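Let the hints inform the model, and build the full structure from the sequences given.
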Amino acid sequence: MLLDDLPLGPLERALLGSLRRLEPQAPDSVLAAAALCCAALGNGDVCLPLRRLAGTAPWPEHDFRLPGLTPWLRELEASPLVGAPGDFAPLILDGERLYLARYHAYEVQLASQLLRRAALRPAVDEARLSESLARLFAFNAVAQAPDWQRIAAAQAVRRQLAVISGGPGTGKTTTVVRLLAALLEQPGGERLAIGLAAPTGKAAARMAEAIRNAKAGLPLADELKALLPEEARTLHRLLGSRGDSPAVRHHAANPLPLDVLVVDEASMVDLALMAKLLDALPPQARLILLGDKDQLCAVEAGAVFAELCEGRGFDAQAAAEIEQLTGQPVPTGTPTSQLGDAVVLLTHSHRFAGDSGIGELARRINAGDAAGTLTLLQEARADLAWHAEPQPNDLHRRLLDGYAPYLAAARTGDPALAFAAFNAFRVLTAQREGTWGVAGLNEALEARFRRQPGERWYAGRAVMVRQNDYALGLFNGDIGLCLNTPSGLRVFFEAETGFRPFAPARLPSHDSAFAMTVHKSQGSEFAQVLLVLPETPSPLLTRSLFYTGITRAKQQVEIWGLPARLLEAVNTRAERAAGLAERLAKSDVLPAAQSPSVEIDKAGQLALFD
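If you use the working numbering, the sequence shown closes out at 610, no skipped numbers anywhere.
Don't read these hints as lab results, they were simulated from the structure. Keep in mind that this is a model prediction, so the values were computed, not measured. Some clues are possibly wrong.
[Stated by the list, open to error] Cβ pair distances, simulated, as ranges: (1) Q25 x E389: 52 to 62 Å; (2) P405 x G188: 47 to 57 Å; (3) R52 x A226: 53 to 63 Å; (4) Q25 x T347: 39 to 49 Å; (5) A226 x E379: 43 to 53 Å; (6) R397 x R65: 19 to 29 Å.
Virtual Cβ for every residue (Gly too), placed ideally from N, Cα, C.
What follows is the structure, given as C-alpha coordinates:
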(Lines of atoms letter the chains of each structure in order from A and count residues from 1; the text may use other names and numbers.)
(Lines give C-alpha, C1' and ligand atoms only; values in the text may rest on other atoms or scores of the structure.)
Protein backbone atom coordinates (compact mmCIF):
# COMPACT_ATOMS: atom_id res chain seq x y z
CA MET A 1 0.00 0.00 0.00
CA LEU A 2 1.04 3.60 -0.55
CA LEU A 3 1.44 4.29 3.17
CA ASP A 4 3.93 1.46 3.59
CA ASP A 5 6.59 3.64 1.95
CA LEU A 6 6.11 6.56 4.32
CA PRO A 7 8.86 7.39 6.84
CA LEU A 8 6.85 6.39 9.92
CA GLY A 9 8.15 5.63 13.38
CA PRO A 10 7.64 2.30 15.15
CA LEU A 11 4.64 3.54 17.17
CA GLU A 12 2.88 4.85 14.08
CA ARG A 13 3.51 1.59 12.20
CA ALA A 14 2.22 -0.49 15.13
CA LEU A 15 -0.92 1.65 15.29
CA LEU A 16 -1.55 1.34 11.55
CA GLY A 17 -1.06 -2.43 11.72
CA SER A 18 -3.67 -2.68 14.46
CA LEU A 19 -6.13 -0.42 12.64
CA ARG A 20 -5.77 -2.44 9.45
CA ARG A 21 -6.64 -5.59 11.36
CA LEU A 22 -9.74 -3.87 12.68
CA GLU A 23 -10.70 -2.45 9.28
CA PRO A 24 -8.83 -4.00 6.31
CA GLN A 25 -10.57 -1.64 3.86
CA ALA A 26 -9.62 1.57 5.68
CA PRO A 27 -8.68 4.26 3.14
CA ASP A 28 -5.18 5.75 3.14
CA SER A 29 -6.52 9.16 4.18
CA VAL A 30 -7.92 7.68 7.43
CA LEU A 31 -4.78 5.68 8.19
CA ALA A 32 -2.58 8.67 7.41
CA ALA A 33 -4.68 10.75 9.81
CA ALA A 34 -4.17 8.13 12.52
CA ALA A 35 -0.40 8.08 11.94
CA LEU A 36 -0.24 11.88 12.05
CA CYS A 37 -2.37 11.92 15.20
CA CYS A 38 0.07 9.55 16.89
CA ALA A 39 3.07 11.59 15.74
CA ALA A 40 1.36 14.78 16.97
CA LEU A 41 1.32 13.41 20.52
CA GLY A 42 5.06 12.94 20.34
CA ASN A 43 5.38 16.61 19.41
CA GLY A 44 3.27 17.72 22.38
CA ASP A 45 -0.05 18.16 20.55
CA VAL A 46 -3.16 16.62 22.10
CA CYS A 47 -4.96 16.26 18.78
CA LEU A 48 -4.54 16.63 15.04
CA PRO A 49 -5.82 19.98 13.67
CA LEU A 50 -7.25 18.79 10.35
CA ARG A 51 -7.67 22.23 8.77
CA ARG A 52 -3.98 22.98 9.24
CA LEU A 53 -2.91 19.84 7.34
CA ALA A 54 -5.71 19.34 4.80
CA GLY A 55 -4.47 19.33 1.22
CA THR A 56 -0.78 19.26 2.23
CA ALA A 57 2.00 16.72 1.74
CA PRO A 58 2.90 16.07 5.41
CA TRP A 59 5.96 14.00 4.52
CA PRO A 60 8.07 16.29 2.28
CA GLU A 61 10.26 13.44 1.00
CA HIS A 62 7.17 11.54 -0.16
CA ASP A 63 4.57 12.56 -2.73
CA PHE A 64 1.58 11.41 -0.64
CA ARG A 65 -0.92 14.27 -0.34
CA LEU A 66 -3.87 14.53 2.03
CA PRO A 67 -7.38 15.34 0.74
CA GLY A 68 -8.92 18.78 1.16
CA LEU A 69 -10.71 19.47 4.44
CA THR A 70 -14.27 18.67 3.29
CA PRO A 71 -13.54 15.31 1.58
CA TRP A 72 -11.15 14.37 4.39
CA LEU A 73 -13.82 14.99 7.03
CA ARG A 74 -16.29 12.97 4.95
CA GLU A 75 -13.94 9.97 4.74
CA LEU A 76 -13.18 10.13 8.46
CA GLU A 77 -16.87 10.33 9.39
CA ALA A 78 -17.62 7.30 7.20
CA SER A 79 -14.89 5.12 8.71
CA PRO A 80 -15.75 2.61 11.49
CA LEU A 81 -12.35 3.45 13.00
CA VAL A 82 -13.53 6.99 13.75
CA GLY A 83 -16.28 7.89 16.19
CA ALA A 84 -18.01 11.04 17.36
CA PRO A 85 -17.57 12.29 20.98
CA GLY A 86 -18.97 9.63 23.30
CA ASP A 87 -18.55 6.80 20.77
CA PHE A 88 -16.42 3.69 21.31
CA ALA A 89 -13.73 3.90 18.61
CA PRO A 90 -9.93 4.14 18.34
CA LEU A 91 -10.16 7.68 16.92
CA ILE A 92 -12.55 10.47 17.88
CA LEU A 93 -13.49 13.26 15.49
CA ASP A 94 -14.55 16.36 17.42
CA GLY A 95 -15.31 19.19 15.02
CA GLU A 96 -12.16 19.67 12.96
CA ARG A 97 -9.89 18.00 15.54
CA LEU A 98 -8.98 14.32 15.46
CA TYR A 99 -7.96 12.59 18.72
CA LEU A 100 -6.77 9.23 19.84
CA ALA A 101 -9.68 8.12 22.03
CA ARG A 102 -7.72 8.13 25.27
CA TYR A 103 -6.66 11.75 24.89
CA HIS A 104 -10.14 12.89 23.93
CA ALA A 105 -11.42 11.28 27.13
CA TYR A 106 -8.68 12.99 29.16
CA GLU A 107 -9.49 16.40 27.71
CA VAL A 108 -13.28 16.11 28.09
CA GLN A 109 -13.01 14.80 31.63
CA LEU A 110 -10.48 17.44 32.68
CA ALA A 111 -12.61 20.29 31.31
CA SER A 112 -15.70 18.98 33.09
CA GLN A 113 -13.85 18.51 36.38
CA LEU A 114 -12.32 21.98 36.24
CA LEU A 115 -15.63 23.68 35.51
CA ARG A 116 -17.44 21.75 38.21
CA ARG A 117 -14.76 22.62 40.77
CA ALA A 118 -14.56 26.28 39.69
CA ALA A 119 -18.32 26.66 40.20
CA LEU A 120 -18.20 25.48 43.84
CA ARG A 121 -17.97 27.99 46.69
CA PRO A 122 -16.83 26.61 50.05
CA ALA A 123 -18.12 28.08 53.30
CA VAL A 124 -15.84 30.94 54.33
CA ASP A 125 -15.85 33.34 57.26
CA GLU A 126 -15.07 36.44 55.20
CA ALA A 127 -14.62 38.74 58.19
CA ARG A 128 -11.94 36.44 59.59
CA LEU A 129 -10.42 36.03 56.12
CA SER A 130 -10.21 39.79 55.67
CA GLU A 131 -8.37 40.14 58.98
CA SER A 132 -6.03 37.25 58.13
CA LEU A 133 -5.15 38.70 54.72
CA ALA A 134 -4.49 42.17 56.15
CA ARG A 135 -2.06 40.75 58.71
CA LEU A 136 -0.39 38.10 56.54
CA PHE A 137 0.22 40.47 53.60
CA ALA A 138 0.95 43.65 55.57
CA PHE A 139 4.52 43.64 54.21
CA ASN A 140 3.08 44.34 50.71
CA ALA A 141 1.20 47.49 51.76
CA VAL A 142 3.49 49.82 49.77
CA ALA A 143 5.28 47.51 47.35
CA GLN A 144 2.31 46.57 45.16
CA ALA A 145 -0.85 48.28 43.95
CA PRO A 146 -2.97 46.28 43.57
CA ASP A 147 -1.52 43.57 45.77
CA TRP A 148 -2.02 40.57 43.50
CA GLN A 149 -0.52 38.21 46.07
CA ARG A 150 -3.27 39.15 48.53
CA ILE A 151 -5.93 38.87 45.81
CA ALA A 152 -4.65 35.44 44.77
CA ALA A 153 -4.74 34.24 48.37
CA ALA A 154 -8.28 35.54 48.82
CA GLN A 155 -9.49 33.70 45.73
CA ALA A 156 -7.72 30.48 46.74
CA VAL A 157 -9.54 30.50 50.09
CA ARG A 158 -12.91 31.43 48.56
CA ARG A 159 -12.75 29.00 45.64
CA GLN A 160 -12.34 25.25 45.18
CA LEU A 161 -9.98 25.98 42.28
CA ALA A 162 -7.22 28.60 42.14
CA VAL A 163 -4.69 29.07 39.34
CA ILE A 164 -1.81 31.39 40.25
CA SER A 165 0.65 32.31 37.51
CA GLY A 166 3.74 34.45 37.85
CA GLY A 167 7.26 34.78 36.56
CA PRO A 168 10.43 34.25 38.61
CA GLY A 169 10.56 36.38 41.73
CA THR A 170 6.86 37.30 41.77
CA GLY A 171 6.33 35.57 45.11
CA LYS A 172 4.35 32.43 44.30
CA THR A 173 5.79 30.55 47.28
CA THR A 174 5.25 33.54 49.58
CA THR A 175 1.65 33.71 48.40
CA VAL A 176 0.92 30.02 48.90
CA VAL A 177 2.42 29.88 52.41
CA ARG A 178 0.28 32.81 53.50
CA LEU A 179 -2.88 31.57 51.84
CA LEU A 180 -2.42 28.23 53.60
CA ALA A 181 -2.04 30.17 56.86
CA ALA A 182 -5.29 32.01 56.10
CA LEU A 183 -7.01 28.67 55.47
CA LEU A 184 -5.79 27.31 58.80
CA GLU A 185 -7.25 30.35 60.54
CA GLN A 186 -10.72 29.66 59.10
CA PRO A 187 -13.22 27.80 61.34
CA GLY A 188 -12.21 24.13 61.33
CA GLY A 189 -8.99 24.95 59.47
CA GLU A 190 -6.89 23.04 61.98
CA ARG A 191 -8.50 19.82 60.72
CA LEU A 192 -7.56 20.33 57.05
CA ALA A 193 -5.43 17.66 55.38
CA ILE A 194 -3.03 19.65 53.18
CA GLY A 195 -0.83 18.10 50.50
CA LEU A 196 2.08 19.53 48.50
CA ALA A 197 3.10 18.10 45.14
CA ALA A 198 5.11 18.89 42.01
CA PRO A 199 5.81 17.15 38.69
CA THR A 200 9.41 16.22 39.54
CA GLY A 201 11.29 15.16 42.63
CA LYS A 202 13.59 18.16 42.38
CA ALA A 203 10.65 20.58 42.19
CA ALA A 204 8.91 18.84 45.09
CA ALA A 205 12.00 19.05 47.29
CA ARG A 206 12.54 22.71 46.42
CA MET A 207 8.89 23.56 47.17
CA ALA A 208 9.03 21.84 50.55
CA GLU A 209 12.27 23.63 51.43
CA ALA A 210 10.84 27.02 50.46
CA ILE A 211 7.77 26.49 52.62
CA ARG A 212 9.85 25.31 55.59
CA ASN A 213 12.00 28.43 55.29
CA ALA A 214 8.99 30.74 54.97
CA LYS A 215 7.20 29.40 58.07
CA ALA A 216 9.48 31.02 60.60
CA GLY A 217 8.52 34.59 59.77
CA LEU A 218 4.78 34.04 59.50
CA PRO A 219 2.54 36.11 61.80
CA LEU A 220 0.66 32.95 62.75
CA ALA A 221 -0.03 31.14 66.02
CA ASP A 222 2.59 28.48 66.72
CA GLU A 223 0.03 25.67 66.96
CA LEU A 224 -1.25 26.55 63.47
CA LYS A 225 2.23 27.09 62.10
CA ALA A 226 3.04 23.51 63.12
CA LEU A 227 0.20 22.29 60.89
CA LEU A 228 1.73 23.71 57.71
CA PRO A 229 3.09 20.80 55.64
CA GLU A 230 6.83 20.42 55.29
CA GLU A 231 6.99 17.53 52.85
CA ALA A 232 6.07 17.40 49.16
CA ARG A 233 5.68 14.45 46.80
CA THR A 234 5.90 13.99 43.08
CA LEU A 235 2.53 13.78 41.36
CA HIS A 236 3.28 10.25 40.19
CA ARG A 237 4.02 9.13 43.72
CA LEU A 238 1.00 11.00 45.09
CA LEU A 239 -1.33 9.26 42.62
CA GLY A 240 0.33 5.87 42.97
CA SER A 241 1.61 5.31 39.43
CA ARG A 242 2.08 1.69 38.45
CA GLY A 243 5.17 1.46 36.29
CA ASP A 244 4.43 1.73 32.58
CA SER A 245 0.67 1.31 33.04
CA PRO A 246 -1.51 4.41 32.57
CA ALA A 247 -3.58 3.25 35.57
CA VAL A 248 -2.97 4.83 39.00
CA ARG A 249 -3.91 3.74 42.51
CA HIS A 250 -5.90 6.89 43.34
CA HIS A 251 -8.92 7.82 41.21
CA ALA A 252 -12.56 8.82 41.70
CA ALA A 253 -13.41 5.49 43.38
CA ASN A 254 -10.32 5.67 45.62
CA PRO A 255 -9.73 9.41 46.11
CA LEU A 256 -6.77 11.09 47.73
CA PRO A 257 -7.26 11.72 51.48
CA LEU A 258 -6.81 15.49 51.09
CA ASP A 259 -8.78 18.66 51.73
CA VAL A 260 -6.27 20.97 50.04
CA LEU A 261 -3.69 20.18 47.36
CA VAL A 262 -1.03 22.65 46.19
CA VAL A 263 0.79 21.79 42.95
CA ASP A 264 3.93 23.75 42.12
CA GLU A 265 5.51 24.03 38.65
CA ALA A 266 2.09 23.20 37.18
CA SER A 267 3.19 24.39 33.73
CA MET A 268 5.17 21.13 33.50
CA VAL A 269 2.09 18.93 34.02
CA ASP A 270 0.78 17.27 30.85
CA LEU A 271 -2.84 16.60 29.95
CA ALA A 272 -2.95 12.94 30.98
CA LEU A 273 -1.41 13.56 34.39
CA MET A 274 -3.61 16.58 35.10
CA ALA A 275 -6.74 14.63 34.17
CA LYS A 276 -5.78 11.81 36.53
CA LEU A 277 -5.03 14.30 39.29
CA LEU A 278 -8.44 15.99 39.06
CA ASP A 279 -10.13 12.59 38.90
CA ALA A 280 -8.39 11.51 42.12
CA LEU A 281 -9.06 14.69 44.09
CA PRO A 282 -12.17 14.60 46.31
CA PRO A 283 -14.95 16.90 45.02
CA GLN A 284 -14.86 19.07 48.15
CA ALA A 285 -11.08 19.53 48.13
CA ARG A 286 -9.41 22.78 47.12
CA LEU A 287 -6.88 22.64 44.28
CA ILE A 288 -4.24 25.37 44.01
CA LEU A 289 -2.05 25.34 40.89
CA LEU A 290 1.15 27.43 40.81
CA GLY A 291 3.18 28.04 37.69
CA ASP A 292 4.37 30.41 34.99
CA LYS A 293 2.14 30.52 31.92
CA ASP A 294 5.01 31.82 29.76
CA GLN A 295 7.43 29.03 30.65
CA LEU A 296 8.07 25.91 28.62
CA CYS A 297 5.16 23.51 28.97
CA ALA A 298 5.17 19.78 29.61
CA VAL A 299 7.40 17.44 27.63
CA GLU A 300 4.38 15.17 27.10
CA ALA A 301 1.22 16.17 25.24
CA GLY A 302 -0.64 19.28 26.30
CA ALA A 303 -0.06 22.83 27.52
CA VAL A 304 -2.67 22.63 30.27
CA PHE A 305 -1.50 25.44 32.55
CA ALA A 306 -1.22 27.96 29.71
CA GLU A 307 -4.72 27.00 28.51
CA LEU A 308 -6.14 27.46 32.01
CA CYS A 309 -4.76 31.01 32.05
CA GLU A 310 -6.46 31.97 28.79
CA GLY A 311 -9.55 34.14 29.08
CA ARG A 312 -8.87 35.08 32.71
CA GLY A 313 -10.34 38.25 34.22
CA PHE A 314 -12.59 39.77 36.87
CA ASP A 315 -16.08 40.87 36.00
CA ALA A 316 -17.66 43.78 37.91
CA GLN A 317 -19.24 41.60 40.59
CA ALA A 318 -16.06 39.60 41.31
CA ALA A 319 -13.98 42.79 41.40
CA ALA A 320 -16.41 44.41 43.88
CA GLU A 321 -16.30 41.36 46.15
CA ILE A 322 -12.50 41.30 46.16
CA GLU A 323 -12.24 45.04 46.81
CA GLN A 324 -14.62 44.77 49.75
CA LEU A 325 -12.70 41.82 51.19
CA THR A 326 -9.12 43.01 50.63
CA GLY A 327 -9.37 46.74 50.11
CA GLN A 328 -7.59 46.21 46.80
CA PRO A 329 -9.03 47.82 43.63
CA VAL A 330 -9.15 45.22 40.87
CA PRO A 331 -9.17 46.05 37.13
CA THR A 332 -12.40 44.73 35.59
CA GLY A 333 -12.99 43.11 32.25
CA THR A 334 -15.02 40.45 30.53
CA PRO A 335 -13.44 37.03 31.08
CA THR A 336 -13.88 34.68 28.14
CA SER A 337 -13.19 31.57 30.20
CA GLN A 338 -15.59 30.14 32.72
CA LEU A 339 -12.64 29.86 35.10
CA GLY A 340 -12.52 33.67 35.00
CA ASP A 341 -11.56 35.04 38.42
CA ALA A 342 -10.16 31.69 39.58
CA VAL A 343 -7.02 32.65 37.64
CA VAL A 344 -4.73 35.36 39.08
CA LEU A 345 -1.56 36.63 37.47
CA LEU A 346 1.22 37.91 39.76
CA THR A 347 2.96 40.78 37.98
CA HIS A 348 5.30 42.45 40.50
CA SER A 349 8.79 40.93 40.37
CA HIS A 350 10.76 41.11 43.60
CA ARG A 351 13.82 39.66 41.84
CA PHE A 352 14.08 41.95 38.81
CA ALA A 353 13.91 45.65 39.67
CA GLY A 354 12.47 48.22 37.29
CA ASP A 355 15.89 48.86 35.71
CA SER A 356 16.76 45.15 35.41
CA GLY A 357 18.00 44.18 31.96
CA ILE A 358 16.89 40.58 32.51
CA GLY A 359 13.39 41.68 33.52
CA GLU A 360 13.07 43.98 30.50
CA LEU A 361 14.43 41.28 28.19
CA ALA A 362 11.85 38.82 29.52
CA ARG A 363 9.05 41.31 28.87
CA ARG A 364 10.20 41.98 25.29
CA ILE A 365 10.54 38.27 24.53
CA ASN A 366 7.04 37.52 25.83
CA ALA A 367 5.64 40.44 23.85
CA GLY A 368 7.17 39.03 20.66
CA ASP A 369 9.23 42.21 20.21
CA ALA A 370 12.13 40.78 18.19
CA ALA A 371 13.61 44.13 17.14
CA GLY A 372 13.35 45.47 20.70
CA THR A 373 15.08 42.32 22.01
CA LEU A 374 18.10 42.85 19.73
CA THR A 375 18.21 46.57 20.59
CA LEU A 376 18.23 45.83 24.30
CA LEU A 377 20.99 43.25 23.97
CA GLN A 378 23.12 45.80 22.11
CA GLU A 379 22.87 48.22 25.01
CA ALA A 380 25.46 48.29 27.76
CA ARG A 381 23.43 46.58 30.51
CA ALA A 382 25.38 45.23 33.47
CA ASP A 383 23.28 42.07 33.70
CA LEU A 384 23.13 41.26 29.96
CA ALA A 385 25.82 40.17 27.52
CA TRP A 386 25.48 38.97 23.91
CA HIS A 387 28.00 37.23 21.69
CA ALA A 388 26.51 37.63 18.22
CA GLU A 389 29.27 35.78 16.32
CA PRO A 390 29.99 32.75 18.52
CA GLN A 391 32.98 30.55 17.72
CA PRO A 392 33.41 27.09 19.32
CA ASN A 393 36.92 27.74 20.63
CA ASP A 394 35.90 31.08 22.14
CA LEU A 395 32.86 29.43 23.77
CA HIS A 396 34.95 26.59 25.22
CA ARG A 397 37.45 29.05 26.71
CA ARG A 398 34.60 31.04 28.23
CA LEU A 399 33.09 27.89 29.75
CA LEU A 400 36.43 26.92 31.27
CA ASP A 401 36.70 30.37 32.83
CA GLY A 402 33.12 30.16 34.06
CA TYR A 403 33.66 26.83 35.80
CA ALA A 404 37.15 27.61 37.16
CA PRO A 405 35.82 28.80 40.57
CA TYR A 406 33.73 25.64 40.84
CA LEU A 407 36.67 23.33 40.05
CA ALA A 408 38.75 25.14 42.67
CA ALA A 409 35.94 24.68 45.21
CA ALA A 410 35.57 21.00 44.25
CA ARG A 411 39.24 20.38 44.98
CA THR A 412 38.67 21.32 48.62
CA GLY A 413 36.30 18.36 49.02
CA ASP A 414 33.79 20.59 50.85
CA PRO A 415 30.32 19.93 49.38
CA ALA A 416 28.90 23.24 50.68
CA LEU A 417 31.60 25.24 48.89
CA ALA A 418 31.29 23.10 45.78
CA PHE A 419 27.51 23.48 45.46
CA ALA A 420 27.65 27.22 46.11
CA ALA A 421 30.21 27.63 43.34
CA PHE A 422 28.42 25.27 40.96
CA ASN A 423 25.10 27.12 41.34
CA ALA A 424 26.82 30.42 40.63
CA PHE A 425 27.30 29.58 36.93
CA ARG A 426 25.38 27.29 34.61
CA VAL A 427 25.38 26.58 30.87
CA LEU A 428 21.98 26.05 29.25
CA THR A 429 21.28 24.89 25.71
CA ALA A 430 18.23 24.53 23.49
CA GLN A 431 18.96 20.96 22.39
CA ARG A 432 20.72 17.79 23.47
CA GLU A 433 22.68 16.85 20.38
CA GLY A 434 25.26 18.69 18.26
CA THR A 435 28.34 20.82 18.91
CA TRP A 436 26.20 23.49 20.58
CA GLY A 437 24.02 20.98 22.44
CA VAL A 438 24.34 19.32 25.83
CA ALA A 439 26.23 16.29 24.51
CA GLY A 440 28.83 18.31 22.56
CA LEU A 441 29.47 20.86 25.28
CA ASN A 442 29.71 18.31 28.09
CA GLU A 443 32.09 16.20 26.03
CA ALA A 444 34.31 19.21 25.28
CA LEU A 445 34.37 20.30 28.91
CA GLU A 446 35.02 16.86 30.38
CA ALA A 447 37.92 16.32 27.98
CA ARG A 448 39.58 19.29 29.69
CA PHE A 449 38.47 18.53 33.26
CA ARG A 450 39.65 14.91 33.41
CA ARG A 451 43.15 14.31 34.69
CA GLN A 452 43.48 11.12 32.60
CA PRO A 453 41.96 10.39 29.17
CA GLY A 454 38.91 8.14 29.43
CA GLU A 455 38.58 8.67 33.17
CA ARG A 456 34.86 8.42 34.03
CA TRP A 457 34.81 9.54 37.64
CA TYR A 458 37.00 12.37 38.92
CA ALA A 459 36.83 15.06 41.57
CA GLY A 460 34.63 17.82 40.19
CA ARG A 461 32.47 15.76 37.85
CA ALA A 462 28.86 17.02 37.90
CA VAL A 463 26.01 14.63 37.07
CA MET A 464 22.24 14.81 36.69
CA VAL A 465 20.00 11.88 37.64
CA ARG A 466 17.76 10.72 34.75
CA GLN A 467 15.30 8.46 36.58
CA ASN A 468 13.60 8.38 39.96
CA ASP A 469 15.03 6.01 42.55
CA TYR A 470 12.73 6.10 45.56
CA ALA A 471 14.88 3.66 47.51
CA LEU A 472 17.85 6.03 47.36
CA GLY A 473 15.73 9.17 47.51
CA LEU A 474 17.18 10.43 44.22
CA PHE A 475 14.96 11.87 41.51
CA ASN A 476 15.04 12.80 37.86
CA GLY A 477 16.80 16.18 37.59
CA ASP A 478 18.76 15.95 40.87
CA ILE A 479 22.31 17.28 40.59
CA GLY A 480 25.25 15.46 42.18
CA LEU A 481 28.89 16.56 42.52
CA CYS A 482 31.75 14.08 42.71
CA LEU A 483 34.30 14.95 45.40
CA ASN A 484 37.26 13.36 47.09
CA THR A 485 36.69 11.98 50.61
CA PRO A 486 38.83 9.87 52.95
CA SER A 487 36.83 6.88 51.67
CA GLY A 488 37.48 7.71 48.01
CA LEU A 489 35.30 9.45 45.44
CA ARG A 490 31.72 10.11 46.53
CA VAL A 491 28.88 11.87 44.72
CA PHE A 492 27.16 14.40 46.98
CA PHE A 493 23.52 15.52 46.64
CA GLU A 494 21.85 18.35 48.52
CA ALA A 495 19.56 17.22 51.36
CA GLU A 496 17.15 18.94 53.75
CA THR A 497 20.05 19.40 56.14
CA GLY A 498 23.54 19.02 54.75
CA PHE A 499 24.51 16.66 51.95
CA ARG A 500 24.10 12.97 51.15
CA PRO A 501 27.11 11.06 49.74
CA PHE A 502 26.80 8.03 47.43
CA ALA A 503 29.37 5.73 45.91
CA PRO A 504 29.37 6.40 42.13
CA ALA A 505 28.41 2.78 41.41
CA ARG A 506 25.15 3.15 43.38
CA LEU A 507 23.73 5.98 41.31
CA PRO A 508 20.73 5.44 39.03
CA SER A 509 21.00 6.35 35.34
CA HIS A 510 22.65 9.76 34.96
CA ASP A 511 24.37 12.19 32.57
CA SER A 512 27.13 14.74 32.96
CA ALA A 513 25.64 18.09 33.92
CA PHE A 514 28.02 20.96 33.20
CA ALA A 515 25.68 21.86 30.35
CA MET A 516 21.97 21.12 30.61
CA THR A 517 18.93 21.77 28.46
CA VAL A 518 16.60 24.65 29.25
CA HIS A 519 13.86 22.04 29.76
CA LYS A 520 15.85 20.37 32.55
CA SER A 521 16.59 23.73 34.17
CA GLN A 522 12.93 24.59 34.78
CA GLY A 523 12.32 25.59 38.37
CA SER A 524 16.04 26.07 39.06
CA GLU A 525 17.84 29.37 39.43
CA PHE A 526 21.51 30.30 39.17
CA ALA A 527 23.47 33.47 39.82
CA GLN A 528 24.75 33.58 36.23
CA VAL A 529 23.43 31.79 33.14
CA LEU A 530 25.19 31.29 29.84
CA LEU A 531 22.58 30.42 27.22
CA VAL A 532 23.85 28.76 24.02
CA LEU A 533 21.58 28.83 20.98
CA PRO A 534 21.98 26.37 18.07
CA GLU A 535 23.91 27.40 14.96
CA THR A 536 21.15 26.29 12.57
CA PRO A 537 17.35 26.72 12.68
CA SER A 538 15.68 24.38 15.15
CA PRO A 539 12.01 23.67 15.94
CA LEU A 540 13.03 23.67 19.62
CA LEU A 541 13.97 27.35 19.47
CA THR A 542 10.81 29.15 20.64
CA ARG A 543 9.78 32.21 22.61
CA SER A 544 8.96 30.13 25.69
CA LEU A 545 12.33 28.36 25.61
CA PHE A 546 14.19 31.67 25.26
CA TYR A 547 12.18 33.22 28.12
CA THR A 548 12.63 30.18 30.36
CA GLY A 549 16.39 30.12 29.75
CA ILE A 550 17.10 33.75 30.56
CA THR A 551 14.86 33.83 33.62
CA ARG A 552 16.84 31.05 35.29
CA ALA A 553 19.42 33.78 36.06
CA LYS A 554 19.26 35.88 39.21
CA GLN A 555 22.11 38.26 38.42
CA GLN A 556 23.43 37.98 34.87
CA VAL A 557 22.61 36.39 31.51
CA GLU A 558 25.13 35.78 28.76
CA ILE A 559 23.73 34.75 25.37
CA TRP A 560 25.79 33.07 22.67
CA GLY A 561 23.81 33.00 19.45
CA LEU A 562 23.51 34.41 15.97
CA PRO A 563 21.08 37.32 15.48
CA ALA A 564 19.00 35.13 13.15
CA ARG A 565 18.52 32.53 15.90
CA LEU A 566 17.45 35.18 18.42
CA LEU A 567 14.92 36.57 15.95
CA GLU A 568 13.58 33.07 15.25
CA ALA A 569 13.22 32.38 18.97
CA VAL A 570 11.30 35.58 19.72
CA ASN A 571 9.10 35.26 16.62
CA THR A 572 8.25 31.58 17.14
CA ARG A 573 5.40 31.08 19.53
CA ALA A 574 5.03 27.44 20.52
CA GLU A 575 1.39 26.52 20.03
CA ARG A 576 0.13 23.06 20.85
CA ALA A 577 -2.99 21.74 19.18
CA ALA A 578 -5.63 21.10 21.84
CA GLY A 579 -9.21 21.92 22.68
CA LEU A 580 -9.13 22.46 26.44
CA ALA A 581 -9.28 26.27 26.37
CA GLU A 582 -12.22 26.12 23.98
CA ARG A 583 -14.06 23.67 26.24
CA LEU A 584 -13.49 25.93 29.22
CA ALA A 585 -14.91 28.86 27.27
CA LYS A 586 -18.16 27.01 26.56
CA SER A 587 -21.15 26.52 28.81
CA ASP A 588 -22.13 23.23 27.21
CA VAL A 589 -19.03 21.15 28.02
CA LEU A 590 -19.67 17.47 27.50
CA PRO A 591 -20.36 15.50 30.70
CA ALA A 592 -17.37 13.78 32.21
CA ALA A 593 -16.53 10.40 30.81
CA GLN A 594 -15.32 7.45 32.86
CA SER A 595 -11.80 8.30 31.75
CA PRO A 596 -11.24 5.09 29.82
CA SER A 597 -7.80 4.30 28.53
CA VAL A 598 -7.77 2.89 25.03
CA GLU A 599 -5.24 0.35 23.90
CA ILE A 600 -4.96 -2.14 21.08
CA ASP A 601 -4.12 -5.61 22.30
CA LYS A 602 -2.17 -8.32 20.51
CA ALA A 603 -5.26 -9.56 18.76
CA GLY A 604 -5.86 -6.11 17.33
CA GLN A 605 -8.99 -5.45 19.36
CA LEU A 606 -9.70 -2.36 21.42
CA ALA A 607 -9.11 -2.91 25.12
CA LEU A 608 -10.60 -0.57 27.69
CA PHE A 609 -9.37 -0.50 31.24
CA ASP A 610 -9.39 1.91 34.17
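Right, here's what the structure says about each hint:
no.: 1; hint: Q25 x E389: 52 to 62 Å; in the structure: holds (58 Å)
no.: 2; hint: P405 x G188: 47 to 57 Å; in the structure: holds (53 Å)
no.: 3; hint: R52 x A226: 53 to 63 Å; in the structure: holds (54 Å)
no.: 4; hint: Q25 x T347: 39 to 49 Å; in the structure: violated (57 Å)
no.: 5; hint: A226 x E379: 43 to 53 Å; in the structure: holds (50 Å)
no.: 6; hint: R397 x R65: 19 to 29 Å; in the structure: violated (50 Å)
Comparing the model with each earlier hint shows violations of hints 4, 6; every other hint is respected.
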